[in-house]
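Residue numbers (my numbering), protein chains in the order written: chain B, 1 to 197; chain H, 198 to 406.
These are computed hints drawn from the structure, not numbers from a lab.
It is possible that some hints are incorrect.
[Said to hold, decoys possible] Here are the in silico distance ranges between beta carbons for each label pair:
#1 H:Asp-237 / B:Phe-149: 49 to 59 Å
#2 B:Glu-86 / H:Lys-406: 48 to 58 Å
#3 H:Ala-381 / B:Thr-47: 18 to 28 Å
#4 H:Pro-359 / B:Thr-47: 34 to 44 Å
#5 H:Thr-339 / B:Val-155: 43 to 53 Å
#6 H:Val-338 / B:Ala-66: 42 to 52 Å
#7 B:Phe-85 / H:Glu-344: 26 to 36 Å
#8 H:Tyr-337 / B:Ile-122: 22 to 32 Å
#9 B:Ser-180 / H:Asp-287: 54 to 64 Å
#10 B:Phe-85 / H:Val-365: 42 to 52 Å
These numbers come from a predicted model, not from an experiment.
Virtual Cβ for every residue (Gly too), placed ideally from N, Cα, C.
The chain contents come next:
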Amino acid sequence: MKTMRIVLGVALLLGVTAEARAQDWYWGGGYSIGVPLSDTKDFTSSTSFRGVVLEGRKMVNEHVTAGLSFGWNVFDRQLDTTTVFESGAAIGGNQWRYTNAFPLYANVHYYLGEANSLRPFIGANVGTIYTERRVDINLYSLSEDAWQFAFAPEVGVVFPLGWVVRGFASARWNYSLEGSGVPSQQYVSFNIGVASR
Amino acid sequence: MRHLLAAAAVTLALAGCYPGEINSAQELDVFITYPRNDADFSNYLTFAIPDTVVQIDEDSSEVEISHENDEEIVDQVRQNLLDLGFTEVDFPDDDPDVLVLVSAVADEYTSISWYPGYWWGYWGWYYPCYYCYPVYPPGYVTVTNYEAGTLFIDMLEPESAPADSTEVPFVWTGAANGLIVGTAGTNLTRILNGVDRLFAQSPYLGDGK
């Protein structure tokens, strides 16, 4: 977890201090809501309202951008349950379960419409998700983590908020492959934010 | 604008790792039950139970366990067994199929953790920084001290014990563990609820009855 905070800090540093050519790059960030699916939902079923997304996109031409995306979604669940093993042994009590997902993608997006107007887009994100899963029971914590190959198709819109400021809203289906013993993770993130040149 | 976004993102991220919270010590209670893998509980119909809760390792424990609620605790165990279909007999006048022993252990624990702190001031040497601290925080140490206890319910099979042995085979054991906090009344309530939970996790004890 400390490693991921350092990575987040470095990503922010690159995002806010990079000497990129202003007319080509858009940098921005926003709020992200995550809806768990599949194994992610089985482990931590609650919708995540704790999420952030950071974006950097370079204009390749009038309709295409290429860039990077970094995010963080936190899923949690508290339940009182009993786990029964094949031997007949059982352990019961309150469990607090957490999934921290850190997607890091390279991406390409295609935009319809004209500049300085509302522009729908579709995109493809490929990269990795660092996933950390933790269970707290009694006074003990059990955790596992892994870097997992991931991809995320995306749809959304960008809209002008000013001469160089844009707002964006998107839906992204994040899918990671099983890795290092951590099962494949899936969740849909709904992102809304602002970006500027 | 970018700095505000970055600060908001960092604040949100650092605050959002493990958002669950504990509202009472009872939420930390854990219940473990373990049957002997070859035990056939349909063979065990009668039981006997002493009227005392034995403290394990009493001489070496930092925490003294009060015995003023032994009767309530033993009665709770007894009632659960009766509800499962067991019949209580007078020991040693009658030989029970199982002996049920209630015991407890409690101790004091100390946890020490060191937080090294973050390198907040590094921007200061790169360019003038008006909002960050120019010093390197040394971190801090936290010490946590708490008491925890475990109630054991052991079901033993005296008939199968070798005549020359002091060991008696067990057929089932249950353990309820939790923090020792609050009043004696609240702890007793948690213990009684824990006894019920242990038997609720073990419905097979009622097989054949």
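Hint by hint, here is what the structure shows:
1. H:Asp-237 / B:Phe-149: 49 to 59 Å: Given range 49 to 59 Å: holds, Cβ gap about 50 Å.
2. B:Glu-86 / H:Lys-406: 48 to 58 Å: Between B:Glu-86 and H:Lys-406, where Cβ atoms are some 24 Å apart, the hint is violated.
3. H:Ala-381 / B:Thr-47: 18 to 28 Å: Taking Cβ atoms as reference, H:Ala-381 and B:Thr-47 lie about 42 Å apart, which means the hint is violated.
4. H:Pro-359 / B:Thr-47: 34 to 44 Å: violated, 60 Å
5. H:Thr-339 / B:Val-155: 43 to 53 Å: holds, 47 Å
6. H:Val-338 / B:Ala-66: 42 to 52 Å: holds, 48 Å
7. B:Phe-85 / H:Glu-344: 26 to 36 Å: holds, 29 Å
8. H:Tyr-337 / B:Ile-122: 22 to 32 Å: The hinted range 22 to 32 Å is violated for H:Tyr-337 and B:Ile-122, with Cβ atoms some 49 Å apart.
9. B:Ser-180 / H:Asp-287: 54 to 64 Å: holds, 59 Å
10. B:Phe-85 / H:Val-365: 42 to 52 Å: violated, 25 Å
Violated hints, in rising order: 2, 3, 4, 8 and 10; the structure is consistent with all others.
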